[in-house]
Amino acid sequence: MNQIKNFTKGFIKENPVFVLFLGLCPVLGVTTSAINGIGMGLATTFVLVMSNFVVSLIKNFVPDKVRIPSFIVIIASFVTIVELTMQAYLPSLFEALGLFIPLIVVNCVVLGRAEAFASKNNIFSSIIDGLGIGLGFTFALFLLGSVREILGSGSIFNFKFIEGDGILIFILSPGAFIALGYLIVLVNKLKKKGA
Amino acid sequence: MERRLSMSNKESTLGNMVIALLVITFVASASLGGVYEITKEPIAAAKLAKKNSAISQVIPEFTNNPGDEEYKIPVDGDTLYFYPGRNGDQLIGTAIETFTGMGFTGKIKVMVGLLPDGTINDVAVLEHAETPGLGDKMERKKSDWSLQFQGKNPAEFKIAVTKDGGDIDAITASTISSRAFCDAVEKAYKAYMNNK
Numbered sequence: 001m002n003q004i005k006n007f008t009k010g011f012i013k014e015n016p017v018f019v020l021f022l023g024l025c026p027v028l029g030v031t032t033s034a035i036n037g038i039g040m041g042l043a044t045t046f047v048l049v050m051s052n053f054v055v056s057l058i059k060n061f062v063p064d065k066v067r068i069p070s071f072i073v074i075i076a077s078f079v080t081i082v083e084l085t086m087q088a089y090l091p092s093l094f095e096a097l098g099l100f101i102p103l104i105v106v107n108c109v110v111l112g113r114a115e116a117f118a119s120k121n122n123i124f125s126s127i128i129d130g131l132g133i134g135l136g137f138t139f140a141l142f143l144l145g146s147v148r149e150i151l152g153s154g155s156i157f158n159f160k161f162i163e164g165d166g167i168l169i170f171i172l173s174p175g176a177f178i179a180l181g182y183l184i185v186l187v188n189k190l191k192k193k194g195a
Numbered sequence: 001m002e003r004r005l006s007m008s009n010k011e012s013t014l015g016n017m018v019i020a021l022l023v024i025t026f027v028a029s030a031s032l033g034g035v036y037e038i039t040k041e042p043i044a045a046a047k048l049a050k051k052n053s054a055i056s057q058v059i060p061e062f063t064n065n066p067g068d069e070e071y072k073i074p075v076d077g078d079t080l081y082f083y084p085g086r087n088g089d090q091l092i093g094t095a096i097e098t099f100t101g102m103g104f105t106g107k108i109k110v111m112v113g114l115l116p117d118g119t120i121n122d123v124a125v126l127e128h129a130e131t132p133g134l135g136d137k138m139e140r141k142k143s144d145w146s147l148q149f150q151g152k153n154p155a156e157f158k159i160a161v162t163k164d165g166g167d168i169d170a171i172t173a174s175t176i177s178s179r180a181f182c183d184a185v186e187k188a189y190k191a192y193m194n195n196k
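So the protein sequences, as listed, match chains A and B.
So the first sequence is residues 1 to 195, counted in our numbering.
So the second sequence is residues 1 to 196, counted in our numbering.
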């Protein structure tokens, strides 16, 4: 399989947020600022790469009927490792994301890739797939986080460029849906042009 | 789907399913135990550092270690933690870790620094989950709202939002968060005065 294609498909063609619509709960929840989006994206990428790696490693030892529970245990372990490590070494990021880190377990992107890709492909392709999809996820969260932060707080990466408040609704949950909706429109338009 | 069928996945028997799950859960729990051990101390240190920085923010300069003299008072089904700050032998202020359950989205933890006569020296938010852009203005780094507590003595200054007949201007569009914050401060003050 062409590894470059395998890696880049996560950004536009099979972007987990804009095209596959997977893992939307953390997407809508944490993207109140660009930096939160990146933090959550990278945490998810780590879990994706590690779980894809392990799932691909053990795919021939796990009997078919118990594969889903096995995958969930593996994913949950990596999520807890991320949670503890972040709490220990990046306490301020943990404070911002804390609530959403455990939710990576139920992020269907991670289980989806384990089931649809890693359990059928070799270790190297699985790692590349995890990395590509993970970074695509990070990219989507960063984009949505930036839009919401710019419109909602009038700042980017906590750097304020207009005085006072922005359009508050973009910081609140309805704004997440609105911003995501328009971003999806945009991505679909770009995709059509490319095809 | 067809790819799954063509795969050489193992036939499931009771024996190999039990063994596979046992091995996976064993390895998972062992590695989690390991990570827990490694991160235990840094996590405790990070929490302590945060608490200590909040204590030194809310009370005047002290020479002792307030964390060593911690005492607790149970209030409303939870506990308030008191950290007395001394300069030599003289008590110069007490940092109180207080809480409220009245927040817009759950519990808020606040560190309140009281001078010996009960005057509020300063306040600092420890933990909250209030709406970003609205209720989170209670954080000093987001807005100057909490400055209005400085130097006020709750004996003559009513710690409640103006809507409730108090003297605190609520955060615009976040009366519930402001009210909760006042509740936490009030709780600390009352407990302090009752146990003086």
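Hints are computed from structural coordinates only; laboratory data are not their basis.
Take the hints with a grain of salt, since some may be wrong.
To be clear about the criterion: a stretch of chain A counts as covered by chain B if any three or more of its residues have a C-beta under 8 Å from a C-beta of chain B, and this derived list gives those stretches [said to hold, decoys possible]:
(1) 14 to 22
(2) 145 to 151
(3) 179 to 189
Quick list of in silico lysine-lysine cross-link-like pairs, DSSO-like style, CA-CA up to 27 Å [said to hold, decoys possible]:
(4) A/K160 - B/K50
(5) B/K142 - B/K158
(6) A/K160 - B/K158
Beta carbons: idealized from backbone N, C-alpha and C, even for Gly.
Need the status of pair A/K160, B/K50: alpha-carbon distance at most 27 Å? 26 Å, holds
Taking beta carbons only, do three or more residues of the stretch 179 to 189 of chain A come closer than 8 Å to chain B? violated (count 0)
For the stretch 145 to 151 of chain A, do at least 3 residues have a Cβ located nearer than 8 Å to some Cβ of chain B? violated (count 0)
Is B/K142 close enough to B/K158, meaning Cα to Cα at most 27 Å? Satisfied, since the Cα-Cα distance of roughly 24 Å is no more than 27 Å.
Stated coverage of the stretch 14 to 22 of chain A by chain B [criterion: 3+ residues, CB within 8 Å]: Violated: only 0 residues of the stretch 14 to 22 of chain A have a Cβ under 8 Å from chain B.
Is A/K160 within 27 Å of B/K158, Cα to Cα? 34 Å, violated
Hints 1, 2, 3, 6, counting from the list given before, are not met by this structure.
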